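A.B. asks: Residue numbers (the working numbering), protein chains in the order written: chain V, 1 to 293; chain L, 1 to 293; chain U, 1 to 656; chain C, 1 to 656.
Treat the hints with care, since some could be wrong.
[What the hints assert, rightly or not] Below, in silico cross-link-like pairs of lysine to any residue (SDA-like), each with a Cα-Cα straight-line distance of 20 Å or less:
1. V/K193 <-> L/K286
2. U/K401 <-> C/Q495
3. U/K195 <-> L/E290
4. L/K286 <-> U/E238
[As the list claims (entries may be wrong)] Chain V is nowhere near these chain C residues, computed Cβ spacing over 12 Å in every case:
5. G123
6. F192
7. L208
8. A210
9. E248
Derived from the structure by calculation, the hints contain no laboratory data.
Owing to the predicted nature of the structure, the values given are computational and were not obtained by experimental measurement.
By construction, the Cβ of each residue, glycine as well, lies at the ideal position given by its N, Cα and C atoms.
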Amino acid sequence: MATIVELPIETYAGPVEPDWCPGCGDFGVLKAVKMAAGKVGVAPEDLVVVSGIGCSSNLPGFIHAYGVHSLHGRAVAVASGIKLANTALTVVITGGDGDGYGIGIGHFIHAMRRNLDLTYVVMNNQIYGLTTGQASPTTMKEMRTKSTPRGNVELPINPIALALVSGATYVARGFSGEPTHMADLIAGGMRHKGFALIDVFSPCVTYNHLNTYPWFKKRVYKLEEEPDYNPTDVRSALEKSFEWGDRIPIGLFYQDEQPTYEDSEPAFRRGPLVRQPLPVDPTLFKSLVEELL
Amino acid sequence: MATIVELPIETYAGPVEPDWCPGCGDFGVLKAVKMAAGKVGVAPEDLVVVSGIGCSSNLPGFIHAYGVHSLHGRAVAVASGIKLANTALTVVITGGDGDGYGIGIGHFIHAMRRNLDLTYVVMNNQIYGLTTGQASPTTMKEMRTKSTPRGNVELPINPIALALVSGATYVARGFSGEPTHMADLIAGGMRHKGFALIDVFSPCVTYNHLNTYPWFKKRVYKLEEEPDYNPTDVRSALEKSFEWGDRIPIGLFYQDEQPTYEDSEPAFRRGPLVRQPLPVDPTLFKSLVEELL
Amino acid sequence: MREVTIGIAGAAGDGLDKTGDALAKTAARLGLFVYAYNSYQSVIRGGHIWLRVRLGQEKVTSHGDRLHALIALNQDSIERHAPEVEPGGVVLFNSDKLRSNAPLRENVQVAPLPIGELTRSFGRIQPVMQNTVALGALLFLLDLDFEVTASVLADTFAHKGKDVIEQNLALARAGYDYARGRLAPLGCQWSFTRKRRPFVTGNEAFALGAVAAGCKFYSAYPMTPASSILHWMAAHAERCGIVVKQCEDELAVVNMAIGAGFAGVRAMCATSGGGFALMTEAIGQAGMIEAPVVIVEVQRGGPSTGIPTKTEQGDLNQVLGASQGDFPRIIIAPVDTRDCFESAVEAFNLAEKYQLPVILISDLLLSEHPETLEPDSLRAAVPIERGELVSEWNGENGPYKRFAFTSSGVSPRALPGTPNTVHVAASDEHDEEGILISDVFTNTAVRRKIAEKRMKKLALALRDLPAPRLEGPADAEVTLIGWGSTHGVIQEALQQLTASGIRANQLHFKYLLPFHSREASALLERAKRTICIEGNASGQFARHLRAETGYSVHDRILKYDGEPFEPRQIAEQVRAILNGQPRSLDVTPAEAREIAYHYIRTHLSEDLRPGQIEKTNGSGEAIWRIEIVHRDSGQKQGELRVGVETGATYAWQPLR
Amino acid sequence: MREVTIGIAGAAGDGLDKTGDALAKTAARLGLFVYAYNSYQSVIRGGHIWLRVRLGQEKVTSHGDRLHALIALNQDSIERHAPEVEPGGVVLFNSDKLRSNAPLRENVQVAPLPIGELTRSFGRIQPVMQNTVALGALLFLLDLDFEVTASVLADTFAHKGKDVIEQNLALARAGYDYARGRLAPLGCQWSFTRKRRPFVTGNEAFALGAVAAGCKFYSAYPMTPASSILHWMAAHAERCGIVVKQCEDELAVVNMAIGAGFAGVRAMCATSGGGFALMTEAIGQAGMIEAPVVIVEVQRGGPSTGIPTKTEQGDLNQVLGASQGDFPRIIIAPVDTRDCFESAVEAFNLAEKYQLPVILISDLLLSEHPETLEPDSLRAAVPIERGELVSEWNGENGPYKRFAFTSSGVSPRALPGTPNTVHVAASDEHDEEGILISDVFTNTAVRRKIAEKRMKKLALALRDLPAPRLEGPADAEVTLIGWGSTHGVIQEALQQLTASGIRANQLHFKYLLPFHSREASALLERAKRTICIEGNASGQFARHLRAETGYSVHDRILKYDGEPFEPRQIAEQVRAILNGQPRSLDVTPAEAREIAYHYIRTHLSEDLRPGQIEKTNGSGEAIWRIEIVHRDSGQKQGELRVGVETGATYAWQPLR
Ligand SMILES: Cc1ncc(C[n+]2csc(CCOP(=O)(O)OP(=O)(O)O)c2C)c(N)n1
Ligand SMILES: Cc1ncc(C[n+]2csc(CCOP(=O)(O)OP(=O)(O)O)c2C)c(N)n1
Ligand code: SF4
Ligand code: SF4
Ligand SMILES: [Mg+2]
Ligand SMILES: [Mg+2]
């Protein structure tokens with residue numbers, strides 16, 4: 001493996017300024033994604049950032065890298081296609097909690113059991129931001145939103161636990177208040193061979209007045225700093241995933257080396273699909289037709 | 001609460017014979033669903049059986065009860081609408097693993113966190129039967145199917161674990177080889193207030209030659225017979241949900257009393273929606289218009 | 001002056017919608033007619049918002065095409081809109097922050113408001129409150145009754161308590177008094193009837209129509225511009241006894257609504273184009289299982305995610321082609337806000353009478369713009385027709401057959417919970433009783449007859465629906481054809497044409513499927529010259545019209561830039577067409593300037609703006625050469641070249 | 001006789017497809033032409049399967065409308081099909097289990113095969129093997145070369161080993177010898193060229209076309225009748241170096257394919273109507289981000305889940321209306337199996353040249369029926385055109401703009417991994433560079449020009465596509481119009497009409513969008529009388545034709561009972577129309593009998609069947625009164641009444 005040359009964050013300076021609300025948690029995530037890319041030293045032309053639709057999903061427009069700003073909920077599927085078409089690319093998915101855990105949850109779970117080599121950063125603000133503040137799948141019970149004026153009655157999704165029981169091989173949680181810590185987690189996910197989830201507390205300063213920076217600052221602590229936490233043990237990871245109250249863990253919950261989907265795909269023996277010649281080998285084709293005689 | 005009068009299984013005799021392959025596991029499930037309905041004593045006109053599309057999803061056509069044979073993957077959503085429209089009905093969902101854990105997994109997970117009072121019986125044959133034998137989300141690794149001639153490479157879904165971390169309040173597993181045991185589990189689910197999942201090993205004798213009756217007979221054991229198994233403890237339930245090898249547990253993994261979605265819905269204070277008069281109260285309407293002045 | 005249009009321009013988050021609302025409600029309570037349109041962007045803070053509020057002594061049916069008063073909340077807004085203000089009009093702005101640097105038309109009053117000075121006594125105020133000062137000034141300029149505004153503000157801030165109300169009143173008063181001393185009123189001649197009319201958006205009208213029709217189940221997934229129905233429903237669910245369910249996606253939304261409809265409850269859901277695409281499969285299911293359901297499709301700029309906060313009529317093909325196979329569906333395009341209420345009521349009745357999905361197709365303009373309605377247009381007493389609903393069944397008339405083959409095609413419908421009518425509704429093909437004929441019982445004869453039974457219902461439904469009719473002189477030299485939300489603006493264009501001596505009439509369509517082919521053909525054959533006016537790029541309705549009648553319109557006026565039509569734009573294009581000069585697709589100088597602005601915003605600095613523009617010929621295509629100058633000094637900084645045909649932006653050349 | 005049709009009827013699981021395949025391959029290897037169609041049901045075991053294999057000295061383009069030989073595997077099959085066997089034909093069945101109880105036409109040979117006796121020497125054999133005995137007998141009756149069948153069986157059972165092959169050969173031989181002794185050959189006059197032709201289904205042709213075109217990514221979710229593409233692809237993926245991905249649903253399928261297309265790999269996916277409905281939103285996305293993708297929509301009987309194993313052309317409206325807004329898409333309907341290969345290759349080239357989604361619309365008949373093709377119609381050397389693909393970019397020609405406004409509308413396309421061409425492809429509206437104009441940079445001018453840029457590509461693409469042309473005499477008195485899979489069967493109908501002295505020609509459409517409106521109109525204006533023939537209930541293509549040209553066909557022949565057209569059905573209806581007696585929708589006696597069968601199967605016992613039928617008038621509508629008799633004795637057991645107009649089944653009256 002070639003030695004990695006780290007790249008400065010400016011390498012990924014986007015064409016335009018983000019149009020997020022001042023103070024939006026997503027600024028921290030954008031910074032962390034750029035830092036992570038720099039740490040793993042991926043050139044902008046070899047990096048593809050794929051998103052769905054939402055405030056958070058505008059991120060690809062603000063970073064210098066290839067990108068697809070796809071449909072609401074479909075980022076994981078589009079990214080899977082890109083990765084399978086060109087395994088030489090580093091593919092990062094960035095989106096929101098509604099995008100990924102609401103409308104997109106099917107792709108999310110199935111991608112994890114496939115263990116495709118993708119890095120998925122979810123800007124989890126526990127609200128639908130772009131549509132001006134309805135409940136999201138991670139909105140806490142009792143919280144009042146435009147769609148739940150009497151308080152939300154649905155149990156929030158637990159993305160960490162879902163990931164752990166669905167076969168994700170790298171499961172972490174970051175916080176926009178800690179961009180460098182987050183950057184390490186994302187870089188770890190990009191280095192990790194297989195599906196990596198980084199769920200990020202990224203406060204929506206405009207529509208979520210419950211889960212604010214102070215709210216999180218008071219609660220979050222780093223798993224790395226827990227004396228005897230072992231991120232290779234799925235059971236203790238599950239244990240931690242249920243912790244939600246005065247103390248909320250961030251950091252790496254779980255990592256495991258498993259064969260990736262790409263490893264098992266014979267077509268890749270010849271290298272990335274995109275580099276294969278298009279015309280079919282005439283003798284091969286002849287044999288295909290002969291089966292029909 | 002009124003005392004329950006049990007009804008004989010003939011009460012639910014369907015209009016036509018099932019067209020399943022001889023020996024199909026779904027025959028056992030059909031019998032168990034009828035027995036369960038009889039145990040809870042629900043009249044055919046108060047029972048609605050909702051399914052998607054698949055061999056298993058043909059079940060509503062074979063039982064004397066109201067039913068919707070809906071779209072592939074949408075049974076849970078259709079059933080939710082029916083239950084919310086008429087809470088006086090007993091609504092049972094019957095479908096397949098592809099239907100529920102593949103294309104329908106989003107509705108499955110979100111229905112559980114809603115804790116709607118529904119009973120969901122999944123005929124899990126670990127294969128796509130009706131479409132003649134492709135891999136399903138629960139197909140075991142390495143198994144060869146029409147769509148995985150070189151062996152399946154994706155980690156199977158663990159429906160029990162998913163249900164446990166998603167807030168289902170009744171989580172069980174049955175086996176077509178044990179219809180009476182299954183009937184008890186289903187009846188339990190129908191009695192249970194809240195979302196009940198009964199995942200059922202229902203062998204496909206035509207397309208799944210790995211997970212056969214003998215294969216299961218050799219492995220399954222009943223949680224009820226485990227000396228100190230406690231179905232109210234979610235952690236030991238999770239423990240058990242990972243058990244998959246020489247021994248595979250069936251029975252009730254977990255049950256918990258939680259407020260249902262229906263409990264939290266103010267509109268139901270006046271009774272089932274379907275019984276409410278349609279015309280709007282003129283004074284109420286006037287006040288609505290006045291807000292706009 | 002008995003009609004006036006006020007524009008308020010600023011950025012998202014400036015709270016100008018509140019100001020506009022106070023202004024509109026004031027006028028409404030005075031008995032004036034109001035129509036407002038807010039042109040905003042898909043961004044939560046910043047960007048550009050352009051709100052127009054049109055007041056009239058008589059009914060106004062669009063935001064019009066004139067501008068009399070401008071409240072500009074930032075410099076950009078002054079540049080963009082001050083030049084549009086008509087002679088005799090006024091431009092208001094905070095002179096502490098902004099200055100009037102844009103070319104104005106003759107005798108336009110410049111009204112710099114020294115906000116700091118005027119509000120000093122209040123201590124630190126939030127920026128939003130400067131709007132209130134401007135509002136106060138405007139009240140004076142427009143001869144509106146301050147006391148009424150006071151009452152409006154009192155109601156608006158009621159939940160915020162006495163102090164807030166007091167402060168806002170004082171601020172408005174300050175603006176009012178300041179204006180009285182120094183500015184000249186625009187000379188409005190109102191006669192205030194003080195007849196109170198509700199100020200309503202199309203989405204509110206849909207929701208109120210649903211409530212009146214007895215809708216008890218509403219499911220939705222947020223999507224602009226349909227979300228405000230969800231917000232209204234959620235806020236009023238408890239009082240109205242409606243279950244409002246936000247779902248995980250639109251697949252769940254529509255399938256839940258269909259389930260509720262099957263169970264016997266009147267159910268509705270709403271979305272925009274992208275969400276509707278996800279609903280299509282289930283709409284076919286509703287057609288197949290003959291379940292009533294009402295689906296509102298609020299169009300926005302497409303394709304795909306497109307321009308989510310802009311209006312368009314681009315989803316007609318989609319609703320016509322929704323889901324595979326042939327099944328009956330009814331498609332209704334309400335023609336104005338009042339009609340949104342009527343159509344909702346109608347939709348629920350049709351859905352139950354004919355046991356099928358009914359699609360209400362609206363658009364951002366119609367669904368989101370508020371206007372004053374006659375009080376009686378929103379009423380509790382509406383007809384409720386549930387069609388052939390089986391209340392009880394005793395074997396006498398034989399066994400119950402859910403899909404009984406009748407000559408009308410409508411089969412008596414029984415609901416779960418009813419004894420003796422137990423049945424399964426299957427998306428697989430089935431026989432009269434609901435038994436599947438997709439598998440062992442496959443039967444070509446039964447299949448043919450049930451397919452015909454379902455489709456028959458459309459012919460019957462058509463008889464229920466009023467046929468299209470001509471508005472205006474029968475012998476007009478030109479007939480303006482439209483559908484849905486454009487009825488009002490076409491009306492106004494028609495008046496302008498008539499005023500300028502062109503005899504024109506209007507043929508507007510509300511019922512799109514089933515279609516009154518015979519009646520429409522009869523009218524069209526008699527038309528001398530037809531122009532179809534619609535808000536999309538391909539002329540989807542003109543195509544539909546031809547598909548249904550074989551009639552080809554002579555010309556089309558299409559708009560697909562995201563902004564709604566304005567009467568004058570239509571009138572001018574009609575004249576051009578009649579003079580044999582249909583609009584070219586070349587970039588106009590104004591558009592070239594817009595494109596230059598875009599380049600400046602995305603690549604250069606905020607203190608530049610486009611200057612001189614001239615046409616030159618370049619390599620490949622003709623070129624607009626645009627000077628880029630400094631905002632204040634007007635000094636040339638460089639040149640931008642934009643293709644006249646393609647609109648391409650060619651290399652930017654800075655001056656050395 | 002130089003053409004013969006064999007029917008094999010039984011239940012799912014009887015393995016009759018294998019028998020039919022051996023027969024077909026035998027004929028094919030002898031140099032005969034073969035066309036087979038298997039009418040099956042959505043059930044894994046049981047039910048009724050009806051396989052027809054048509055052999056001809058000359059090319060055969062449909063399963064035809066005649067039956068010369070029947071192999072019946074159960075009593076039901078004898079009843080249903082024996083009466084259809086033509087004079088001179090033969091009925092084969094296992095006389096141990098079945099008997100010939102159905103009315104036969106004159107001189108139809110009854111061939112009872114004593115399977116038990118003939119196979120005693122083999123010990124216990126699986127039921128399937130009796131088919132092989134019947135096959136052997138058939139070989140003799142049809143004067144086919146036993147040795148060739150032997151080689152086919154050897155290949156077929158190669159993987160099962162020598163013994164199985166031996167046994168099958170012996171069984172076939174036994175049947176052959178038995179027949180030689182006792183039965184009279186049908187008198188076929190073959191001249192065996194022994195030119196080997198591949199025996200191919202439309203789905204195999206699509207897959208082979210994709211492979212030849214360089215497709216490297218195939219995603220799918222199983223759905224009849226598209227699944228066999230997935231099965232073929234999965235089985236050949238490794239050898240062909242293709243990634244075949246079965247996904248969790250069709251949303252993932254199409255979005256993955258679009259992602260792969262964006263990344264520069266030729267990608268395809270396939271589904272049927274219901275799955276396509278779920279794909280529609282993403283198809284609009286592909287149009288918006290200008291990503292190439294090929295989507296195969298294999299139509300089946302709709303609406304909704306419908307009749308999954310039956311054929312129909314009912315999804316045209318859906319593909320035309322897929323997704324919101326206006327965006328460019330190309331829709332191609334291959335006209336026969338050979339054309340499936342050609343169209344697949346074409347689709348990939350068009351998708352990349354114009355950077356848009358291309359939809360191939362097929363149907364169950366075309367995709368699943370096998371027929372012999374000329375060997376050279378499946379070839380490795382096909383044109384591969386990738387359009388404007390940027391291999392490298394150095395700043396010289398300015399900064400790269402992914403969506404550069406060009407006069408063709410096509411912008412040079414760069415792939416991820418390429419330096420200096422970094423860009424984002426957004427489903428939100430964007431400018432030349434891909435910067436969003438849906439939010440702070442909203443710009444009406446840029447929006448108008450990019451919308452036009454995208455749509456322009458269609459006009460250009462149209463020039464690439466061959467225009468429709470008339471087949472047959474230009475001065476025909478009637479023109480038969482069709483689209484897609486019906487080309488061959490309409491051809492045959494046309495020959496029948498010509499033979500009976502009616503001058504007819506054919507106008508068949510393959511390219512549905514963009515549409516050759518000018519060329520089509522020119523042809524249609526010259527047509528004396530037009531009849532549009534299609535497999536759906538509402539005449540979707542006739543509607544499309546009118547939408548594109550304004551031309552209304554004079555008559556329509558529609559079929560929507562799930563079975564494909566047969567030449568004679570078309571020819572007869574054309575004659576009826578020309579004689580001014582268009583088909584009524586009343587239930588025919590044959591259909592009444594079918595409906596009676598349905599009632600018997602769902603409510604009575606298997607040993608009853610319909611007897612006498614007579615028309616009477618009943619309450620409300622005219623009635624078919626059908627005697628229900630005992631299968632063997634023919635004794636009347638009761639009466640069934642079926643509505644002539646509605647097809648309703650009225651009360652069943654058993655005899656007391
Ligand atoms: C199919 C579809 N449905 C709905 C929408 C409208 N929509 C846009 S963003 C969004 C939710 C955004 O929430 P989230 O993903 O949490 O992102 P955030 O804005 O909070 O960062 C929705 C519902 C859409 N674009 N497409
Ligand atoms: C949208 C859609 N996609 C695909 C199909 C085709 N289809 C029918 S059943 C089925 C899978 C059935 O598998 P499962 O749910 O496990 O049921 P089983 O037949 O095994 O009992 C599929 C893919 C469909 N009907 N609709
Ligand atoms: S609305 Fe919330 S999520 Fe969206 S940009 Fe503003 S703060 Fe961020
Ligand atoms: S194919 Fe499998 S699942 Fe379907 S009926 Fe047969 S045995 Fe049952
Ligand atoms: Mg969010
Ligand atoms: Mg299954």
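A.B. asks: Each of the hints needs a verdict: does it hold here or not?
C.D. replies: Now the hints, each set against the structure:
1. V/K193 <-> L/K286: violated (63 Å)
2. U/K401 <-> C/Q495: violated (45 Å)
3. U/K195 <-> L/E290: holds (13 Å)
4. L/K286 <-> U/E238: Holds: L/K286 and U/E238 sit about 16 Å apart, inside 20 Å.
5. G123: holds (33 Å)
6. F192: Non-interface label on C/F192 holds, nearest chain V Cβ at 15 Å vs cutoff 12 Å.
7. L208: The claim is violated: C/L208 sits with its nearest Cβ about 6 Å from chain V, within 12 Å.
8. A210: Its Cβ does come within 12 Å of chain V, the nearest being 10 Å, so this is violated.
9. E248: violated (4 Å)
In this structure, the earlier hints numbered 1, 2, 7, 8, 9 are contradicted, and the remaining ones agree with it.
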